[in-house]
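Throw the hints in and build the complete structure from the sequences for me.
Chains V and U supply the protein sequences, listed in that same order.
Just so it is clear: in the first sequence, position 13 is 13 by the numbering used here, and no numbers are missing.
The numbering used here runs 1000 ahead of the 1-based position in the second sequence.
Note that these hints are calculated values from the structure, not bench results.
Hints are not guaranteed to be accurate.
Derived coverage of chain U by chain V (criterion: at least 3 residues anywhere in the stretch with Cβ under 8 Å from a Cβ of chain V; other residues may be distant) [said to hold, decoys possible]: (1) 1052 to 1063; (2) 1090 to 1104.
Dumping the calculated EDC-like pairs for lysine to aspartate or glutamate here, alpha-carbon to alpha-carbon at most 20 Å [stated by the list, open to error]: (3) U:LYS1112 x V:ASP67; (4) U:LYS1089 x V:ASP87; (5) U:LYS1048 x U:ASP1034.
Yeah, the Cβ is synthetic: ideal placement off N, Cα and C, and Gly gets one too.
What follows is the residue order along each chain.
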Amino acid sequence: MTIWKNNHKEELYTVIIGCGRLGANLANSLSEQKQNVLIIDRSKESFRKLSTSFGGLTVVGDATDMDVLSEAEIEKADVALVVTDSDNVNIMVSQMIKEIFHTALVIARLYDSERKYVYEELGIDIICPADLSAMEIKKLLAKNEEEVL
Amino acid sequence: MKRKVLLMGGFHKAYALSASLIQNGYEVTVINNDYHNCHSLAELKSLKVIFGDATKPFVLEDADAEDMDIAIALTQKDDENLVMCELCKKRFHIKKTVALVNDPKKTEFFYKMGIDSVVCAINAITNIIEQQAIMDEMAKIFPIGVGGINIAEVPIPTQSPAAGKKLWEINLPKEVIIGCILRGEHSMIPRGDTRILSGDVLILISSDKQEMNAVRELTGK
Chain V
1 MTIWKNNHKE ELYTVIIGCG RLGANLANSL SEQKQNVLII DRSKESFRKL STSFGGLTVV
61 GDATDMDVLS EAEIEKADVA LVVTDSDNVN IMVSQMIKEI FHTALVIARL YDSERKYVYE
121 ELGIDIICPA DLSAMEIKKL LAKNEEEVL
Chain U
1001 MKRKVLLMGG FHKAYALSAS LIQNGYEVTV INNDYHNCHS LAELKSLKVI FGDATKPFVL
1061 EDADAEDMDI AIALTQKDDE NLVMCELCKK RFHIKKTVAL VNDPKKTEFF YKMGIDSVVC
1121 AINAITNIIE QQAIMDEMAK IFPIGVGGIN IAEVPIPTQS PAAGKKLWEI NLPKEVIIGC
1181 ILRGEHSMIP RGDTRILSGD VLILISSDKQ EMNAVRELTG K
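Following this line, the structure appears as structure tokens:
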């Protein structure tokens, strides 16, 4: 089964929850790579951020509602990206996707890194913008130091 | 030592619950993220009030969450209640966590995530209204805890189709048993060949969905 999947990389199905800057950006680039993408947001207005060439599906609805998740056929997704603007919503939705719909790879964005380790235990991959920024800044500082020396 | 309870979020519910818990000898701490609400809550005697968002670990730390015996999440939002309880459980190792859930479909999911007791207010209220409106004349029903089990008290009227029949002759739904028959001053534990008489009061133990059918079968209403 996995081998079959690897041979058909273009068949990957990704569900994105939250069409903010990050969600829309990811949706646009995955769609450009000809992957199957479905994006959920509770407001129709948010989909204006998608590029005109976006070839995926959009669903208007609250992703904390299980019916909306089933409508998106999330159980068939290879990847779920949970990137709404609320940490608590992201945590709950990720756990619902993992526990109820058994999607293999669930990645969630959390602004507050303090809660990170509680959820990594549950097999959810967590991305923290503050941690990533700090890492990048440290890298730049290190580079700067090297140059000065 | 006094048992310690932590109430997270909610205002009217937190107020009423704290008042009653304090009266029953518990030591209660509330966390609320609205400053005005905190002021109103602080009017309650011997209630400890913390201003902050209980989904943040450092706020729970301020509230000494690790010393609590019970944590109860009362906000309007399911996601907040879930996160609060999970933090209490996983990070502060509180033994018993209770969460309010608004969406009845999430009850099972909350249990699966390790919350010890999940209370669905909407379900509870609609059930009570239904029983008050429809069942009141026929039977008294007492819901028992989380298992979806009810105990019902059903008086048998004279015109009941069950009156005069033996238990095994009555076509009761599967998930219902008659636990006890009250006849005048006496009570008895029935067997299959026990005869039901009009004027008896039956004590039924039943699953949530079956008690209506059982009551109909027994009273003929």
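Verification of the supplied hints:
Against chain V, the segment 1052 to 1063 of chain U contributes 4 residues with a C-beta closer than 8 Å to a partner C-beta. That satisfies the three-residue criterion, and the hint holds. Against chain V, the segment 1090 to 1104 of chain U contributes 3 residues with a C-beta closer than 8 Å to a partner C-beta. That satisfies the three-residue criterion, and the hint holds. This hinted pair checks out: U:LYS1112 and V:ASP67 have alpha carbons roughly 18 Å apart, not beyond 20 Å. At most 20 Å may separate the alpha-carbon atoms for a hinted pair to count; U:LYS1089 and V:ASP87 meet this at roughly 18 Å.
Restraint check for U:LYS1048 and U:ASP1034: the C-alpha separation of about 15 Å stays at or below 20 Å, so the hint holds.
Of the hints listed earlier, there is not a single one the structure fails to meet.
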